[in-house]
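Chains as they are written, first to last, in this note's numbering: chain U, 1 to 112; chain C, 1 to 113.
Because the hints were derived from the structure by calculation, they are not lab data. A virtual CB, placed ideally from N, CA and C, is assigned to each residue, including glycine. Heads up, a few of these hints could be off.
[Said to hold, decoys possible] FRET-style restraints, in silico, Cβ to Cβ:
# : chain 1 : residue 1 : chain 2 : residue 2 : range
1 : U       : 62        : C       : 18        : 47 to 55 Å
2 : U       : 84        : C       : 1         : 30 to 38 Å
3 : U       : 63        : C       : 46        : 24 to 32 Å
Residue-level listing of the chains:
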Amino acid sequence: DTAVSQTPKYLVTQMGNDKSIKCEQNLGHDTMYWYKQDSKKFLKIMFSYNNKELIINETVPNRFSPKSPDKAHLNLHINSLELGDSAVYFCASSPTGTDTQYFGPGTRLTVL
Amino acid sequence: AQSVTQPDIHITVSEGASLELRCNYSYGATPYLFWYVQSPGQGLQLLLKYFSGDTLVQGIKGFEAEFKRSQSSFNLRKPSVHWSDAAEYFCAVGAQGGNKLVFGAGTILRVKS
């Protein structure tokens, strides 16, 4: 009974490719997030959605496009991948925007 | 805007010894405060949180943290560390009415036997 799941767990790809990461939560939460953890383990929020509407976009390059088909899913599509996009991407969800966030297991993206 | 400082990048303690991980935050109002733990190759697991009320909060795995408004701190403690506690620990602050967490840089805990 995974609460927040992400696929794939690992993603290795070449520069210039386009890739997607999927996130699903079965907690019934209204708010979902994407965070990026860089090589120094620093975690920074990228996006937040509440009931399928974008509420936070933290100056992320427009090569990154989140999509929320319903409130249980928040996918992240990345165009024209660059070396600097290599990181671990975490999805999270919370009942509301001000409540406890529950994190998925992460997707390790490696761009070669 | 809120910010979090975890002054210690690495801490090494002996198994059975007590532990305190420091966290200082910057925020103009009463914050929401969290401690998460990340084991190698794993996601983040919530240890405990402070929203309001009693300033000493208990969490999972025998951890506790104390909110001290006057010091803008939310230090994590455990009276007796186990080898399985070796991991990276992240303090985070959220704004009331806000929608994001701001994380500290993390503290890596090593436990020696």
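Evaluated hints:
1. The hinted window of 47 to 55 Å between residue 62 of chain U and residue 18 of chain C holds, with their beta carbons roughly 49 Å apart.
2. The hint said 30 to 38 Å for the Cβ distance between residue 84 of chain U and residue 1 of chain C, and at roughly 24 Å that hint is violated.
3. At about 31 Å, the beta-carbon gap between residue 63 of chain U and residue 46 of chain C stays in the expected band of 24 to 32 Å.
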